[in-house]
Amino acid sequence: MQYIGFFLLLISLLIYVVIGLNFYWEAIRSSGKDAFKSVPWMEKAHVVAFILITIASLILLQALAMRDYSFSYVYRYTDDFLPQVYRLSAFWSGQAGSLLFWQWLMAVMGLVFLFTPVYKALSSKVKGYFWGFFFMVQAFFLLMLTGPSNPFLIMDPAPVAGRGLNPLLQNVGMIFHPPMTFLGYAGFTIPACLALAGWMVGDQRSWLFQTRNWVLFAWVMLTGGGILLGGWWAYMELGWGGYWAWDPVENASLIPWLVSTAFLHTAMIGKQRNTLHKTNLILISFSLITCFFATFLVRSNVIDSLHTFGGTGVGLPLVILMLASVMFTLFVAFSAEGDKSAVDSLWSKQGLMIITSWIFLALAVIVAMGTMWPVISRIWTDSPIGLGPDFYNRVCLPIFTLMAAIMCVCPWYNWRSGLKDKNSLIIVCLVFVFTLIGLWIGGIRLPLALIAASAGVAGMFSMLLHIVLTPQIRRKRAGWGVYLLHFGIAMIVLGVAFSGPFQTSIERVIPKGERIAINNYEFHYIEFEEIMTPGVAIYEARINTYKDGKHIGLLTPQRKLYRNFDSPYAEVSVIPSLGNEIYSTILAFDQEKTITVKLNITPLVNWIWIGSVISCLAVFMIMGRVRIRKAEEMDS
Numbered sequence: 001m002q003y004i005g006f007f008l009l010l011i012s013l014l015i016y017v018v019i020g021l022n023f024y025w026e027a028i029r030s031s032g033k034d035a036f037k038s039v040p041w042m043e044k045a046h047v048v049a050f051i052l053i054t055i056a057s058l059i060l061l062q063a064l065a066m067r068d069y070s071f072s073y074v075y076r077y078t079d080d081f082l083p084q085v086y087r088l089s090a091f092w093s094g095q096a097g098s099l100l101f102w103q104w105l106m107a108v109m110g111l112v113f114l115f116t117p118v119y120k121a122l123s124s125k126v127k128g129y130f131w132g133f134f135f136m137v138q139a140f141f142l143l144m145l146t147g148p149s150n151p152f153l154i155m156d157p158a159p160v161a162g163r164g165l166n167p168l169l170q171n172v173g174m175i176f177h178p179p180m181t182f183l184g185y186a187g188f189t190i191p192a193c194l195a196l197a198g199w200m201v202g203d204q205r206s207w208l209f210q211t212r213n214w215v216l217f218a219w220v221m222l223t224g225g226g227i228l229l230g231g232w233w234a235y236m237e238l239g240w241g242g243y244w245a246w247d248p249v250e251n252a253s254l255i256p257w258l259v260s261t262a263f264l265h266t267a268m269i270g271k272q273r274n275t276l277h278k279t280n281l282i283l284i285s286f287s288l289i290t291c292f293f294a295t296f297l298v299r300s301n302v303i304d305s306l307h308t309f310g311g312t313g314v315g316l317p318l319v320i321l322m323l324a325s326v327m328f329t330l331f332v333a334f335s336a337e338g339d340k341s342a343v344d345s346l347w348s349k350q351g352l353m354i355i356t357s358w359i360f361l362a363l364a365v366i367v368a369m370g371t372m373w374p375v376i377s378r379i380w381t382d383s384p385i386g387l388g389p390d391f392y393n394r395v396c397l398p399i400f401t402l403m404a405a406i407m408c409v410c411p412w413y414n415w416r417s418g419l420k421d422k423n424s425l426i427i428v429c430l431v432f433v434f435t436l437i438g439l440w441i442g443g444i445r446l447p448l449a450l451i452a453a454s455a456g457v458a459g460m461f462s463m464l465l466h467i468v469l470t471p472q473i474r475r476k477r478a479g480w481g482v483y484l485l486h487f488g489i490a491m492i493v494l495g496v497a498f499s500g501p502f503q504t505s506i507e508r509v510i511p512k513g514e515r516i517a518i519n520n521y522e523f524h525y526i527e528f529e530e531i532m533t534p535g536v537a538i539y540e541a542r543i544n545t546y547k548d549g550k551h552i553g554l555l556t557p558q559r560k561l562y563r564n565f566d567s568p569y570a571e572v573s574v575i576p577s578l579g580n581e582i583y584s585t586i587l588a589f590d591q592e593k594t595i596t597v598k599l600n601i602t603p604l605v606n607w608i609w610i611g612s613v614i615s616c617l618a619v620f621m622i623m624g625r626v627r628i629r630k631a632e633e634m635d636s
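Residues in the sequence shown are numbered from 1 upward in steps of one, following our numbering.
Watch out, some of these pointers could steer you wrong.
[Said to hold, decoys possible] Below, simulated DSS-like cross-link-like pairs (lysine-lysine); rule was C-alpha separation at most 25 angstroms, straight line: (1) K512 <-> K476; (2) K598 <-> K512; (3) K560 <-> K593; (4) K512 <-> K560; (5) K120 <-> K37; (6) K476 <-> K271; (7) K550 <-> K476; (8) K120 <-> K44; (9) K512 <-> K420; (10) K598 <-> K547; (11) K271 <-> K44; (12) K420 <-> K593; (13) K598 <-> K560; (14) K476 <-> K420; (15) K550 <-> K512.
Honestly, the hints are just simulated from the structure, not real lab data.
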């Protein structure tokens, strides 16, 4: 079956290369006159390639489900004791499988787009260039899958047992986080290719409307699945009590989010004012290119990280792809005439949105430079210099706080210039000031946390007030969506402002039956249980938890020792709350069942997850029917 899977990928590669090169050859040879006659062939070619890639993916999935250790990939990421759901999720757990999964998702995106009304209304020229660019991306990934990242390598003779899946990946987050992240990455392929196609035929604006839902879908997948679900997974699985460590690969997924968020704001201006065409082309293209950059960091081993797969031979090809994509995008953008002025006044809604976009881009550059600093520093030193979380917290958090403040006031400005509701803005500012004073009286003295928390409260109030005072917003689903999206973001700001700097954390050695106290909380270690299964040994402590003498829950942190792994792994236990969440993890235990436990009291951390859900659901409210121009109009 390995030969069949590899052969299917190879045939798909040949289809994309041959049909794609034929299109470009005809476009050059006939100055574009005859090239677009091949569009029906390109459409059929993609359907065929999609079927072949799907069959190849099913072959790998079947091998994972059946524990066929003659597949090197199956041997490396499964074993006989792995639950079926994690055997299937191992499809995207390893390097080769995750690339195949990303490849398949892009093929799905292309197939779905092929049958949309938006696609059918495109001119033949735009369709041709779209498939030309899309085929190039597909061919690149298939080249990796049939070369250095082949998921169909054979183990001969086949081992009798597999090595097993990393215990950190045996979490419900593994079922959803990578697929949603790759959906975000793959989702940017359609708008980026369509934007370049539009520019190739001189249409610099239509693609903004045509790709609106695609961009929103990709953004919400990257936001909800890549950033926020990834943060929740780290919080619940890694055992250190935080949700964002500025790990290089966490940063790598943040960079395309920052760029694409900047694009969402400039795209609104482009639609409203018919300007920022070059900016929007560059930003949507860079949204996809930075997804390649994230993949480069994960696959190339250029930066040490918890998430990296080690050197795999795909680093150099990814660098070539990124450089070629950047140069071509800039060439296309700057070969056209300049944009007209986009801003009448910075003190307007569009002015503040442009400022916000530039701030997002500045953050993307800072995070990218900081992440790559160990590589950059090798220019002048033999010992790489890494930048830790303190650097990002000092530099990035104040900038994020500034954006939260801008979010509070932006709704009260007119689109072009000036205030539209001075009284409401004054009320929002008073909410900010009174919140800040109240927090100061309550004992909070950290300046950044004070400002961020106050901005979070004022932001939530500002969004709700604007909905109440603006009937035209309430009449439109998209209007509700925009302001609920920012309401959720304000909740996240408030949650981060409290959960980071005001977390209380202790480590204690507790004999069985003893009690310890933290502030007004008391923890009573009552029982220790050993649970033996064929694949894992589970050691669980049970800790009754009291607040002001009242029982509020039972903590059950665990240590797990997996059959194929020497080191034990922690499983955290929490008592959730909208106020202080109690977080526990076992660091060690001995034969007398004395445990070393880490206990965290984290304020408002669940506001982050609730705000995340609100923001992501709000995006689906913003999505809607796209107005379609007929192909004949676009041809003319």
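Violated constraints from the hint list, given by number and in increasing order:
1, 7, 9, 11 and 12
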